[in-house]
Amino acid sequence: MSLTQTENSLGLTESGVETPGEAAAEIKGKRKKAGLLWWFACAWLGIIVLMVVFADLLPNPYDQPVPDASAHESPFSSWPEFLGTDYLGRSTLSRIAAGARTSVTVATIPVASGILIGGLLGLVSAYFRGTTEAVIDIFADALLAFPPLLLLLMMSSVLYPPSVWTITLGLAILTVPGFYRLTKANAIAQSKREYVVVAKAMGARPGRIMFKELMPNTVATILSYAVIVMAVMIVAEGSLSFLGVGVPDPEPSWGGMVYKEKDNLEDYPGQVFVPCAVLFLTVFSLNVIGDRLRSKFDVRDSNL
Amino acid sequence: MTAETSPETGEPTGSATGTATAGDTAVSDDVLLSVNDLVQRFRVPGGVVNAVAGVSVELKRGRTLGLVGESGCGKSTLARAILQLTTPTSGSVVFDGQDLTKLSKDGLRTMRRRIQMVFQDPISALNPRRKIKDIVAEGLVISGTPTAEIGPRVADMLRKVGLDPDFVSERRPHQFSGGQCQRIAIARAMVVNPDLLICDEPVASLDVSVQAQVLDLLDEMKGSTGVSMIFVAHDLAVVRNISDEVAVMYLGTICETGDTAAIYDSPAHPYTRALLDAVPAPDPGASHSGPALKGEIPSPMRPPSGCRFRTRCPLATDRCAEEVPQLREVAPGHRVACHFPLVGDDVPKEAAAAG
Amino acid sequence: MWRLLGRKVLHLIPVLFLVTLATTAMPDMLKLGDSSATPVAPKITMDMKPEDIKKLEHEYGYDKPLLERYGTWVKDAVTGDFGTSMATDQPVIDGIKERYPVTLELALAALIIALGVAVPLGVWAAAKAGRIPDKVLGGVSSGLLAVPPFVSAILLVYLFSVPGVISPVFPNLSTDLGTANFIDGLEYLWLPAIVLALAEIPQFQRLLRSDMLGTLQEDYILTARSKGLSAPYVLFRHALRPSSFSLITISGLTLGRLIGGTVIVEFYFGIPGLGQSIVNAINAKDIPTVQGTVVVIAVGYVVLNALVDIGYMLIDPRVRAR
Amino acid sequence: MDRNKDASASDVPLLEVEDLKVHLNTPRGTLKAVDGVSFRIGNGQTLGLVGESGSGKSMLVRSLMGISPSIAKISGSVKLSGAELVGIPRKQARAVWGNRVAMVFQDPMTSLNPVVRIDRQLTESMREHLDMSRADARTRAVDLLKLVGIPEPEKRAKQYPHQLSGGMRQRVTIAMALACDPDLLIADEATTALDVTVQRQILDLLQEIQADRGMGMILVSHDLGVVAGRTDEIAVMYAGRMVEHSPTQDLFAHRRHRYTEALLAAVPRLDVPKDQRPRPIPGSPPDLVTFKGGCAFAARCTAADDVCRTERPVMTANGNPRHLSACHHPVAVGGETEAAEVEGAVKTAEVEEAVKAAEAEDTEATDVSEAPETSEAADSTAEVEEAEEAAEVEEADAPEPVETSETSEAAEAGDAADEADDEAEAEAEDAKPSLSKEVPA
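Protein chains in written order, with numbering that gives the first Met the number 0: chain A, 0 to 303; chain B, 0 to 354; chain C, 0 to 321; chain D, 0 to 440.
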């Protein structure tokens, strides 16, 4: 999954087509039992959470016990460096765990702010339509006019010096138009339904309609997409760091680890593939969970 | 464009007759709603739709008006325009002495409490994620009713529409059948004690057996609360029992209006006649009494010149193409917009022969 | 339909304005983060005093207010002048002209591969929905979806034992985009193109599958089946076309995104395309190059989006009629 | 066109359905959508199939056309001119569908492929079944359009469905069904989605064509009025079973089953005095998954007793051998019409009382116990409908979530519908059928 997929996985392409989830694989009422994959995904995310919480118990990820060039150590040769050490002799396990913190930061903060800002603007835009909508649309479209990675690159060139926080800020800006369009599309679909017309006809104020009528039916969809966007955010940070313009070196980041070791692929493939595998498993787990949530909510809706 | 403007230029004369009758009753207090020369136009890609092209109707307190016509005749648009859900292009909607089209936003909001609406599709009319008690309470909450009062009133109203409040309150709409949902929608509308209830095809999507349940319930409500009603339907048979008066709409204009007996027993407009004939009777012996109406309702973007019905009318003559027929009285309270009404002075046979 | 088209075009203008304005404002944003930062960083030498830097900024016109600079920029950009690179002192437009064809070819090749694989798989999965082929395809596509391009690039390079980083001497693709050049280029681009395609295949496949499933629920499919037509006939003649509109739209958009999204593979495989030049420019703090390249890509993307919309109107008779 | 249609002209009925069952495997259990239905249709005869939504009538006719959902298990026997259709290989069955049996669907707005020109939709079954050349098929298509009363058939043939009004589209679907000169035409609620005036045109057209060609026809409707004057026989279905089956005249004159009686009383009609109001049937149909024994209508029936609740009535002739009904307490056979009317009047009052009582119960006491049942019944109704709608995506695959399509619609609206403001859109819906094309005078 590339960062450039953001739009698709949000279902926010021009024609507003949603990328299907596993949703399609389930018939109404005949819900799939939570399968092995689902439990696996939950378990893996549990491990990530554990890493985030207990990262401090592992060796210091900044320590360079053997400060020379031949510092590499293969996996499984010692404890607690059982994932080996990198070119500076730093414990890979520690760096993976500390990198998990980075990943969780860049996954949650932008998504939360995207939901908040984008969702609110979406509701406003869907309720008022007209000029309000047109103006917000122009800003959203302008942001979406940049291929996402390009926008991030552009921002990372001006948000200086690069750090976890500048990247988080960049990603946050990136998520807003996505959530905006999703919320808007969802709310507009509802505002044509008669219960919204009824509320208007009863003299309900805009705030009441937006938050009591439109929002409850949008939240579930938004949240299930949010899980998938988190995966996209993690990949985005990884990609930036892989390009060497993301989280700068002493700070641990999965993508950065791959970037630093990619030239040693022949000799120390483990140092490249371990962070790759961790990234893959995390993204995969989030996708599995997101797809399932999405299909669940979709099914609920279609039963109405 | 000439086709569009000619009925409109002709309209003021039509409303003149309208105001003449309105003039008599405006003095008396019992007129609840009077719609005067209402025009509702929409811009759509490719032109302008005259969905409602100059309609005047009047509703007395405690009475029920049936509004009937084929789909696309503008009856639903008229209902929504009365509620100010769309902004009428011109004309006025006077409700209890106040012109709704001239009210401020806040004034309108207060006024809306007194007019409630019931829609065709009960399932889409109820928010799927809210509990029944919250749905029914909505109008009370909006109008600022004290919280302590809301619960009992909601329960009371649910009981009145034939649902057990203990059972339904905590549930959500998808757990109920269409007929039950429509009862909930009626409860929501009636809980605020409105003066006017607008029902937009409330039974069209229900099974016959359930239709009668809902019709009975509405009738009961009318009896117990004295609410006035506008009942929109495409089927003349449905409104017959519930309406005191009926207005038949065709292509954005009213072609016939009168009390129910007059409309059903002696329809004056050929369109009303055709609508009556088209209702299939559950009786193998009954044959249709007239020829089937040809064609379908024309585009409201390009209505025919003169009488809008002339393209499908078996009695149409050259005069119908040139002159817009005005609503005129053929019997006390029975008005029709036709050059050759089926009752009254003109003899339709001649016209038929001429055509 | 023409009204719709008019609105699209009208909508384009403010969007393009914001996009270009935002890129022009890059030097100003630079100062927001760190007031000592300067857009002329590549030109600064150790012995420069703050006054010298100010002078340099004045020379490049960075001391003027934003709107004035924007005016100048637009005037120049219209004539194809995107300024000169701080790092190489070459006109920015020359670099873009040289690199655009490479990126375009890479993106096109990736799109063709992705569609070629995804369309049959999507139809197959929809036809066999719920059965084993569908489940297997679903599993594979979920897995693929979780592999970022930089991971798949590394993996493929490792698996095929291709030397760590390929830095071939590229044929000059910029002279013209003839077929001969396209095929020459493929010799170097097939692996990167596959990497890019891998990321798109699962999305295309899932999209087509679900659209097909949606279409298969339609009444007109029942009608077609009630005519006693064969299953493949119904699938391809009745279901595929109405199901493919969103896929067509998305592939158009994907092309636009790929042009801006080839950064990673260009960087990793050392392909002299636009993406690589942006990364280099960022590392060299060469603002004019970043600015010019980003604008070209973004404008291209916006215009392509509009074209896709128009295309959509042309292929769907329902939209065409409006 | 050299199929030997006369072979069946003798004693063999056109369609003979024996103990047909359509059972759906739902997660809650087996849903008996159609549970043992038998009937016959003679050549050139019209059968009216009447019932509420969820009664299984649509499922029944769809199983005849091979378009029941794949979770459906069909058993029993369906013979077309003596040839068995149930259980034969799909390839053989396809030669029948669309060829010897054809169907007109309910909603002309959705039953035509929006992106395929009308002529191709018309010609494809001729090319498939009759092996006609493209040119011949096209000529015939234009003839068919003319036959069903479409003006300018040449021009219309080249258009897309959305360029036609609702009534015109339904005419096109009729033309499509007639393409291969079928022996049996099934009209599944073919006029429900249309305006009354247009409904009458379409019904007249169907009747005319049926008489002209001597086809057999099944007219499926929920409206007794629609089938009253246009059928030879009527079959009333309730909860997956046939409850009454009789020659049309006889059914209306001497209805036996309490459900038929109630259904007839519920129809709002113009041919009776105004004070004779339609009477509702209290409650709702049973849940077809959990329903066990007894008469399915017992819970809503005013004449029900313990026998009705425990013993399932079977179809029996009572007086007239061609008039079958399945009721333990049939409506008394009124000898003369006058007597029947008097009795009817008395009965009316009685039933009204009973209904009121039942309603009162409904509102007060029983609702606690009854409501869960009804809501489940609603569920099962929804299931049936859903299943009816489900196309055969093999292995019961997912109906596209409603929300998806709506979201995309909305998003499309967000883009495309910038064109018209909100209100205009809402209105456009009202005016859509007529917007497409002016109707010739």
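Simulated from the structure, these hints should not be mistaken for laboratory data.
Just so we're clear, the structure is a prediction, and the values are computed from it rather than from any experiment.
Any given hint could turn out to be false.
Unchecked claim - Covered by chain B, according to a simulated footprint, are these stretches of chain A (three or more residues, beta-carbon under 8 Å): (1) 122-136; (2) 240-254.
What the hints assert, rightly or not - Keeping only pairs whose Cα atoms sit at most 20 Å apart, straight-line, the calculated PhoX-like set for lysine-lysine is: (3) LYS42(C) with LYS295(A); (4) LYS90(D) with LYS127(C); (5) LYS211(A) with LYS132(B).
Note that CB positions come from ideal geometry on N, CA and C, so glycine has one too.
Right, here's what the structure says about each hint:
no.	hint	in the structure
1	122-136	violated (count 0)
2	240-254	violated (count 0)
3	LYS42(C) with LYS295(A)	57 Å, violated
4	LYS90(D) with LYS127(C)	19 Å, holds
5	LYS211(A) with LYS132(B)	14 Å, holds
In summary, the structure is inconsistent with hints 1, 2 and 3 from the numbered list given earlier, while agreeing with the others.
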